[in-house]
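Can you build the whole structure from these sequences, using the hints too?
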Amino acid sequence: MAVYIKQSLFEPFSEVAQHQLQLEANIGKGQYGASTIFIGSMRDFNEACDVSAMTLEYYPGMTESALESIANEAKEKWPILDTLIVHRVGDIQPNDSIVLVAVWSAHRAAAYEANRYIMEALKSRAPFWKKEMTTSGGRWVEKNTPA
Amino acid sequence: MAVYIKQSLFEPFSEVAQHQLQLEANIGKGQYGASTIFIGSMRDFNEACDVSAMTLEYYPGMTESALESIANEAKEKWPILDTLIVHRVGDIQPNDSIVLVAVWSAHRAAAYEANRYIMEALKSRAPFWKKEMTTSGGRWVEKNTPA
Amino acid sequence: MSITVKFFAGLREELNIDEAQLDFVTGLTALQVWQKVTGQPTLPTKTLIAVNQEYASEDITVNENDEVAFFPPVTGG
Amino acid sequence: MSITVKFFAGLREELNIDEAQLDFVTGLTALQVWQKVTGQPTLPTKTLIAVNQEYASEDITVNENDEVAFFPPVTGG
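Residue numbers (numbering that gives the first Met the number 0), protein chains in the order written: chain A, 0 to 146; chain B, 0 to 146; chain C, 0 to 76; chain D, 0 to 76.
Hints were generated in silico from the structure; no laboratory data involved.
Be aware that a few hints might be false.
[Said to hold, decoys possible] Some but not every residue of chain B turned toward chain A, in silico, with C-beta under 8 Å: (1) Ile-26; (2) Gly-29; (3) Ile-36; (4) Gly-39; (5) Asp-43; (6) Pro-93; (7) Arg-107.
C-beta atoms are modelled at their ideal positions from N, C-alpha and C, and glycine is treated no differently.
Here is the structure:
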């Protein structure tokens, strides 16, 4: 179970691959039969509404512990073997990865459901705030899309 | 939208990364905000029931078109931008990746739901058959786990 | 003018037939194809049928040059 | 003996306060902490409160050395 806040660009596939090697070292190979990965990235709204970049603020300390609580809740609700949550903060460019959630389990239902649970909980409870940079200045995103 | 049948070991993260580069070349960067990846791999049942390896048979031609139909159905049901399905056949060792499903979309709900839909449809309709190799010989898996 | 008949997985091994050619006769159903090739009156429970690589039922009428396949429940993924 | 008060995102910018220290008084609620630091009688609609980095309501009583944070609805992910 790991949570990382990244101040600069991260490469989601290598983060997952690296974590998976650690998992295999810890619990042995061939223990998980299913893994799910969600990657959220910054869309390029340039033409539609002039958003050219974004800044993500967080609450150092509380953000990490909120993400750890969410991962623990998922582990209590589903028979999962491991989770990885990576979230970017700071200045973000279009197409950059913002969030990565990976879940490993023996069977697919738990991997799908726990992954979605973590993402929905993260969106509603983890202290992150997005500010969009437009041609007319910055504006704070007021609420998250429900899905 | 791509479907690949692999006769030998494949590396899921590089398959997804490669397909994503093609997608970005086709539709431009920053078009998708969400992607989901499911990876099913062979578990190691050595201690529990002596399964040391597996062989996966398929129906060349029908298998590919069944997977393409499933991907098309997902595209009709959800607003998704692209899908990638990779499935291994032939002789498989514990920990090898068996199946990879990746979905790209603007928002997360479609990416999660379409990915799960593709996996459930693949499990129930795509012509693949697993034969487990045990110390007392081979045995065909009789039915798929529901989830 | 013939029909190609294929068997997969456990069914292929039990029958010891991978692929067979059958002379075409007008009005032939998938079940009759099974009967002619295997000599068995009925399909084993849960056997699936595909005609030209699409799922079909045992009473479907086949055409010349069709490919008819019989196989057990699928277990991929 | 004090309380650390933090503000984030839009609230931080509007109030132009990042962090403040407040003298501790027994029985102080989170709402009173807000009032003392900002001079405003009520919290803006939807403002969230965390005490020692856990979500709390405005009527929670704070203790000495607590960290009290105020911030708008979260928009991560």
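Chain A contact restraint on Asp-43 (chain B) - CB to CB distance below 8 Å: holds, 3 Å
Is the interface hint for Ile-26 (chain B) satisfied, with its Cβ closer than 8 Å to some Cβ of chain A? Violated - the Cβ of Ile-26 (chain B) stays beyond 8 Å from chain A, reaching only about 11 Å at its closest.
Hint check, Ile-36 (chain B) versus chain A [nearest Cβ-Cβ separation less than 8 Å]: holds, 4 Å
Is the interface hint satisfied for Gly-29 (chain B)? The criterion is a beta-carbon contact with chain A at less than 8 Å. With a minimum Cβ separation of about 3 Å from chain A (threshold 8 Å), the hint on Gly-29 (chain B) holds.
Mind checking the CB of Gly-39 (chain B) against every CB in chain A and telling me if the closest is under 8 Å? For Gly-39 (chain B), the interface hint holds, since the closest Cβ of chain A sits about 6 Å away, which is under 8 Å.
Can we keep the Pro-93 (chain B) interface hint, with Cβ of chain A closer than 8 Å? holds, 4 Å
Given Arg-107 (chain B) was flagged as interface, is its beta-carbon under 8 Å from a beta-carbon of chain A? This interface hint holds because 6 Å falls under the 8 Å limit.
Checked against the numbered hints listed earlier, the structure breaks hint 1 alone; every other hint is satisfied.
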